[in-house]
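*Asks:* Protein sequence lines, in the order shown, are assigned to chains A and B. Counting from 1 along the first sequence, just add 264 to a position and that's the residue number in my numbering. Counting from 1 along the second sequence, just add 264 to a position and that's the residue number in my numbering.
Please note: incorrect hints may appear among the correct ones.
Since the list gives no way to pick out one identical chain from another, each pair is judged satisfied if it fits inside one copy or across any two copies.
As the list claims (entries may be wrong) - Using 27 Å as the maximum straight-line C-alpha spacing, the simulated DSS-like pairs for lysine-lysine come out as follows:
#1 K405 <-> K492
#2 K405 <-> K314
#3 K534 <-> K492
#4 K506 <-> K314
#5 K506 <-> K451
#6 K311 <-> K464
#7 K314 <-> K534
#8 K451 <-> K314
#9 K451 <-> K534
#10 K311 <-> K451
#11 K411 <-> K506
#12 K411 <-> K492
#13 K411 <-> K314
#14 K451 <-> K464
#15 K492 <-> K314
#16 K492 <-> K311
#17 K451 <-> K492
#18 K411 <-> K311
#19 K405 <-> K311
#20 K506 <-> K405
Simulated from the structure, these hints should not be mistaken for laboratory data. Here the structure is a predicted model, which is why all the values come from computation and not from measurement.
Protein chains: 2
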Amino acid sequence: MTDERTVFFVSDGTGVTAETLGHSLLTQFDTVSFVPATVPFVDTADKAQKIVETVNRITLHSGLRPIIFSTTVDPEVRGILQQADAQFVDFFGSFIGELEAELHHESSHAKGKAHGMREGGGYDVRIEAMNFALNNDDGAKITDYAKADVILVGVSRSGKTPTCLYLALQYGIFAANYPLTEDDLEKRVLPRFLANQQQKLYGLTIDPARLQQIRGERRGNSRYASAKQCELEVYEAERLFKAERIPYLATTHTSIEEIAATILHERGLKRRML
Amino acid sequence: MTDERTVFFVSDGTGVTAETLGHSLLTQFDTVSFVPATVPFVDTADKAQKIVETVNRITLHSGLRPIIFSTTVDPEVRGILQQADAQFVDFFGSFIGELEAELHHESSHAKGKAHGMREGGGYDVRIEAMNFALNNDDGAKITDYAKADVILVGVSRSGKTPTCLYLALQYGIFAANYPLTEDDLEKRVLPRFLANQQQKLYGLTIDPARLQQIRGERRGNSRYASAKQCELEVYEAERLFKAERIPYLATTHTSIEEIAATILHERGLKRRML
Numbered sequence: 265m266t267d268e269r270t271v272f273f274v275s276d277g278t279g280v281t282a283e284t285l286g287h288s289l290l291t292q293f294d295t296v297s298f299v300p301a302t303v304p305f306v307d308t309a310d311k312a313q314k315i316v317e318t319v320n321r322i323t324l325h326s327g328l329r330p331i332i333f334s335t336t337v338d339p340e341v342r343g344i345l346q347q348a349d350a351q352f353v354d355f356f357g358s359f360i361g362e363l364e365a366e367l368h369h370e371s372s373h374a375k376g377k378a379h380g381m382r383e384g385g386g387y388d389v390r391i392e393a394m395n396f397a398l399n400n401d402d403g404a405k406i407t408d409y410a411k412a413d414v415i416l417v418g419v420s421r422s423g424k425t426p427t428c429l430y431l432a433l434q435y436g437i438f439a440a441n442y443p444l445t446e447d448d449l450e451k452r453v454l455p456r457f458l459a460n461q462q463q464k465l466y467g468l469t470i471d472p473a474r475l476q477q478i479r480g481e482r483r484g485n486s487r488y489a490s491a492k493q494c495e496l497e498v499y500e501a502e503r504l505f506k507a508e509r510i511p512y513l514a515t516t517h518t519s520i521e522e523i524a525a526t527i528l529h530e531r532g533l534k535r536r537m538l
Numbered sequence: 265m266t267d268e269r270t271v272f273f274v275s276d277g278t279g280v281t282a283e284t285l286g287h288s289l290l291t292q293f294d295t296v297s298f299v300p301a302t303v304p305f306v307d308t309a310d311k312a313q314k315i316v317e318t319v320n321r322i323t324l325h326s327g328l329r330p331i332i333f334s335t336t337v338d339p340e341v342r343g344i345l346q347q348a349d350a351q352f353v354d355f356f357g358s359f360i361g362e363l364e365a366e367l368h369h370e371s372s373h374a375k376g377k378a379h380g381m382r383e384g385g386g387y388d389v390r391i392e393a394m395n396f397a398l399n400n401d402d403g404a405k406i407t408d409y410a411k412a413d414v415i416l417v418g419v420s421r422s423g424k425t426p427t428c429l430y431l432a433l434q435y436g437i438f439a440a441n442y443p444l445t446e447d448d449l450e451k452r453v454l455p456r457f458l459a460n461q462q463q464k465l466y467g468l469t470i471d472p473a474r475l476q477q478i479r480g481e482r483r484g485n486s487r488y489a490s491a492k493q494c495e496l497e498v499y500e501a502e503r504l505f506k507a508e509r510i511p512y513l514a515t516t517h518t519s520i521e522e523i524a525a526t527i528l529h530e531r532g533l534k535r536r537m538l
């Protein structure tokens, strides 16, 4: 008997919420291996019935019940899923009752609304934030910094671009980024157009060995990717952050989500969408 | 008495999971207004105690108990939060027991692991996918399409770029995009470099009035943003999608999450990270 457990993330919407819930619980069982499948847009009895058939077949053949993480709202669909020979983790059903009681309101039982709140006025600001990040990437434009919520600074390939795009997509934050040049690092001062933005600056740094590896994949055997150059740039960048009192974070072992949440938290940034 | 309810998303990590789960439940109560606050990195008894004090103050002054959506794992921290005069929605505690029983394993009770799974080998592929999206945006490069998992096509400003970046960040999907030119639309054929990629193509379309509005914000009073031009381009693009049997979707009232999940689902794409 194998310890491989099939997991279904079932949703009447995109499945992102079901995946988020399921992942965060499953990561607590790091000795078990899981085979995940997402089934989005399950909004009819027929679709639910098909999942039940698949699940029951797996249970019969493997002897191990799959786990179903469900965020579906429709009572009929949930009733069908519940009958599968599986462990049914019913996100909606588990909490909606107590929330109704607390809020003295009935829930609307509307399906696929998980991203509705986010879209309420959030769509435009999100696209604007993303365009801002793209237009202000890599020091491409230094005239728009007045509009920025935050300006990430760091050496080339320290993780600035993905962080800016994530801040835009997830939080609607206007994030620019500026790559510290050799000139900046040698002079040991910030360029003048950044000096009056101190309260918006946030530094990213990285382990020199990791930086060398990342740069090497792009331009192997170059001065840019040499151990010496990477060490020097990181040393000078961190020295500059300290001298200028710019809060900073090492991205080496930190996920984009964590970097973004830390910046938001430490800089006290107000998100522009929920 | 106001109907405004304070909501806390409390986490020992970034708070993104608590927010996602909490939002999806709160959107079911569209007649209640909520005042949300996220408190990330709550990993000590002291930090939990401070939240309890804030919560109790709000309850005392407003007469309405806040709702705490918590994904914290540590039993001590959860125990403290539980004592606040609030409705405590405990995502971890509600499900971890039944999962332990089902899996015959104890959970590791490790905090802030929600994004751990995603990062397991997922970090590099995610950055690669993002770089791919940036390098292959807006038809910038047409030589890399062999490496693409999907190529979005559509008229200018139909939502291709945000969708590609979201596909990269959320799923590690290599997504390129190509803007249909006036030349393509007039000739009513796909450019040759796309013709042999049919199985990777996915079309995005948009309501012409909405397109006019979006284009107008960038270049008001231009032919590009005129009603006539927007109508013509959308008409011809949809005609081309049908003729070439390219599946397509209208982005007008659809969130980026939904567009991305639909593309994944309809094209049967395998995500490169969890």
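*Asks:* How would you label the pair K506, K405 (within, between, both, or neither) given a Cα cut-off of 27 Å?
*Replies:* within (25 Å within a copy, 40 Å between copies)
*Asks:* If the cut is 27 Å between Cα atoms, do K492 and K311 qualify within a copy, between copies, both or neither?
*Replies:* Classified as neither: same-chain Cα gap 58 Å, cross-chain 42 Å, threshold 27 Å.
*Asks:* At most 27 Å between alpha carbons: which applies to K405 and K492, within, between, both or neither?
*Replies:* Neither way: K405 and K492 sit 30 Å apart in one copy and 33 Å across, limit 27 Å.
*Asks:* With identical chains treated as interchangeable, where does the CA-CA distance between K506 and K314 reach 27 Å or less: within a copy, between copies, both, or neither?
*Replies:* Intra 59 Å, inter 30 Å, cutoff 27 Å: neither.
*Asks:* I want to check one pair: K405 and K311. Are their C-alpha atoms no more than 27 Å apart within a copy, between two copies, both, or neither?
*Replies:* neither (50 Å within a copy, 40 Å between copies)
*Asks:* Using 27 Å as the alpha-carbon threshold, which applies to K506 and K451: within, between, both, or neither?
*Replies:* within (15 Å within a copy, 59 Å between copies)
*Asks:* Using 27 Å as the alpha carbon limit, work out where K314 and K534 are close: within a copy, between copies, both or neither.
*Replies:* Cα proximity of K314 and K534: across copies only (21 Å, versus 44 Å in one copy).
*Asks:* Is the C-alpha distance from K451 to K534 at most 27 Å within one copy, between copies, in both cases, or in neither?
*Replies:* Answer is neither: 34 Å inside a copy and 48 Å across each miss the 27 Å cutoff.
*Asks:* 27 Å Cα cut-off: does K451 pair with K464 within a copy, between copies, both or neither?
*Replies:* within (21 Å within a copy, 49 Å between copies)
*Asks:* First find the shortest C-alpha distance between K411 and K314 inside one copy, then the shortest across copies, and answer within, between, both or neither for a cut-off of 27 Å.
*Replies:* neither (51 Å within a copy, 34 Å between copies)
*Asks:* 27 Å Cα cut-off: does K311 pair with K451 within a copy, between copies, both or neither?
*Replies:* neither (64 Å within a copy, 41 Å between copies)
*Asks:* Regarding K411 and K492, is the shortest C-alpha distance of 27 Å or less found within a copy, between copies, in both, or in neither?
*Replies:* neither (36 Å within a copy, 33 Å between copies)
Hints 1, 2, 3, 4, 8, 9, 10, 12, 13, 15, 16, 18, 19 from the list above are not met by this structure, while the remaining hints are.
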